[in-house]
Amino acid sequence: MSTLVIKDLHVAIDGKEILKGVNLTINTNEIHAVMGPNGTGKSTLASAIMGHPKYEVTSGSIELDGENVLEMAVDERAKAGLFLGMQYPSEITGVTNADFLRSAINSRREEGDEISLMKFIRELDKKMEFLEMDLDMAQRYLNEGFSGGEKKRNEILQLMMLKPKFAILDEIDSGLDIDALKVVSSGINEMRGEGFGSLIITHYQRLLDYITPDHVHIMMQGRIVKSGGAELAHKLEAEGYEWIKEELGIEDETVGQEA
Amino acid sequence: MTVETKLALTEQDIRSFSEGKQEPTWMTDLRLQAFGELETLSLPKPDKTKIINWNFTEFPTHTVESSVFASLDELPEEVKVLVNAEEQKNIYIQHNNTPAFVSLSEDLKAKGVILTDIYTAMREHSELVQKYFMTDGVKVHEHKLTALHAALLNGGVFVYVPKNVIVEAPIQVIYLHDDQTASLFNHTLLVAEQNSVVTYVENYLSTVDHADGLANIVAEVIAKDNAKVTFGTVDVLAEGFTTYVNRRGVTGRDAVLEWALGMMNDSDTISENTTHLVGDNSEGRVKMVVVGRGKQKQNFTTQVIHWGKQTEGHILKHGVMKDEASSIFNGIGKIEFGATKANAVQESRVLMLSEKARGDANPILLIDEDDVTAGHAASVGRVDPLQLYYLMSRGISQHEAERLVIHGFLAPVVNELPIEGVKKQLTEVIERKVR
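Chains A and B, in that order, are what the protein sequence lines are.
Counting from 1, one number per residue, gives the positions in the first sequence under full-length UniProt numbering.
Counting from 1, one number per residue, gives the positions in the second sequence under full-length UniProt numbering.
Hints were generated in silico from the structure; no laboratory data involved.
Some clues are possibly wrong.
Claimed, not checked - For the chain A half of the interface with chain B, some residues (derived, Cβ under 7 Å), not all of them: (1) Val74; (2) Ala78; (3) Ser90.
Note that this is a predicted model, so its numbers are computed, not measured.
Idealized CB from N, CA, C, for every residue including glycine.
With the hints as extra help, turn the sequences into a complete structure.
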């Protein structure tokens with residue numbers, strides 16, 4: 001079992017503090033959902049874990065099986081077992097999806113032990129079929145000209161090919177129609193199991209109809225203000241966020257607005 | 001201020017060189033006339049690059065003697081990799097200034113295709129060469145460097161494709177430079193008659209690290225009515241050359257001329273590439289990639305000039321600058337009066353890999369006709385940190401991520417090159433230069 005431990009995490013962007021002490025522990029074989037209205041720091045948490053260059057961790061710690069993640073470069077974090085499904089994946093001209101994925105897989109392997117081309121293609125075809133992706137997309141330039149839905153499927157394709165220990169999925173459901181949402185969810189459910197944990201960031205309950213989380217956390221004002229089980233998501237669906245704000249005495253839930 | 005032309009050669013030297021090559025009288029006269037005008041002609045003025053102090057006239061020796069190759073097996077290793085000896089039947093190789101190997105398939109010979117060194121062409125096809133040599137394309141008197149080229153021409157190739165002939169396999173030309181003292185005044189003349197199709201790729205390859213000579217290179221492409229010509233190059237000339245390279249095309253009605261230019265010189269370089277879209281409904285498409293490194297100074301002026309109606313001109317240039325290299329990218333789309341329904345489009349992008357590198361992309365549209373369309377895009381920037389972040393978030397190292405982004409940036413042109421060996425070479429040269 002692997003464990004990702006986030007302790008008292010404070011993160012700033014351009015000098016402005018966004019996260020104000022996040023505590024969260026995720027084990028493999030667990031799915032955590034982080035929910036909350038816009039502007040409460042959910043995406044910042046995702047970016048900080050992966051090491052986005054614009055986000056500065058001002059205090060606190062992130063450890064993966066006892067290793068200090070914050071000391072690792074972005075690629076080292078990935079090789080240690082972290083994956084971030086991004087809300088806005090970059091487009092990279094001239095680099096095909098397939099070449100990119102093969103480089104990513106080989107970066108995890110020793111020189112001389114690269115994945116064979118045949119094995120790679122078999123695996124890629126299989127996963128693309130699973131995600132109902134057009135096989136031509138392997139030879140298209142990475143995310144270039146992909147629709148919003150195609151980009152999200154492509155993120156899940158990478159997830160399935162790279163098989164990380166922990167996947168942080170940042171609003172992987174945004175911009176998806178119901179069919180795409182089902183496909184993306186089935187991809188994540190396919191990964192579910194012993195060696196895999198996930199942190200799913202969303203502000204809609206919708207995704208959680210297809211992926212039942214083990215734990216649900218609510219973020220407001222740059223902190224996790226409430227945690228519970230799957231039933232918490234259902235309650236949010238039915239009643240919205242107001243009752244939490246009332247319960248906690250929060251007037252404006254966005255970052256920078258203190259109660 | 002007049003610039004002194006310190007040319008060590010005399011008129012008599014030129015005359016005896018020409019006679020030694022048994023050139024027709026018209027060529028001897030053309031050389032001598034050009035030579036006579038050197039003093040009065042001035043240097044070209046490439047926009048935004050001052051070349052007044054560049055050395056275009058001093059060089060150690062006019063011609064060097066180099067070995068010929070009896071077969072492709074005798075080629076140096078660096079050249080061998082460019083040639084697929086099994087498949088490549090149409091090839092000319094020049095060793096410094098010496099025509100060193102030529103082969104053309106029997107089939108093409110029978111159809112009247114000509115592939116030969118420029119001297120042989122002038123002897124055996126004098127009238128044909130005279131008709132096109134520095135007449136419709138590059139003119140002798142344009143400026144000092146074109147005149148110098150005409151006076152001192154010491155190599156080159158002639159390619160002629162008769163009417164209705166389709167040349168399926170690419171024609172490959174390799175200019176091998178492995179003598180530090182050599183200078184290259186090469187002239188490529190390619191004539192594609194009506195309804196013909198040809199793909200041509202030339203390689204300038206230095207296998208010595210340093211050059212003391214000059215490179216003053218001209219290529220002329222004449223694409224007659226409804227001809228389709230694809231002209232690819234990979235230039236890898238050594239540091240030390242002062243390189244002037246002028247590649248120019250003229251299109252007839254419905255003709256298509258496509259350029260794929262890999263400009264990988266390590267020398268200071270002034271490059272001019274011009275396409276005159278003369279015939280109605282003709283097309284010119286230019287794709288160019290450049291990698292600059294060290295303290296290289298380069299200027300790339302790419303022009304498509306629309307004379308005919310409904311002509312289509314596209315320019316796409318991608319450059320990568322590292323170290324202290326600097327490059328100017330001038331893209332000119334010119335639409336003459338009367339060229340109605342012409343479309344001039346261009347895009348220049350420069351990627352800088354270091355603080356001291358410089359790149360300047362200047363899109364220029366000159367339009368003398370109302371009923372046309374035109375567009376341009378230009379950008380100069382650095383590798384996008386978010387792209388690197390994205391790639392690295394999948395485990396790819398920063399170095400490898402940068403490599404992917406750079407290769408991707410140059411891929412649109414690399415992929416255009418029609419000969420696999422040359423495409424691979426360009427990829428490897430890029431790899432070496434951006435490392």
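How about Ser90/A: closest beta carbon in chain B under 7 Å, or not? holds (4 Å)
Interface hint for Ala78/A, Cβ within 7 Å of any Cβ on chain B: Hint holds; Ala78/A Cβ to chain B Cβ min 4 Å, cut 7 Å.
Go through the hint on Val74/A and say holds or violated, using the shortest Cβ distance to chain B against 7 Å. Where the cut-off is 7 Å and the nearest Cβ of chain B is about 4 Å from Val74/A, the hint holds.
Hint compliance for this structure: every hint is met.
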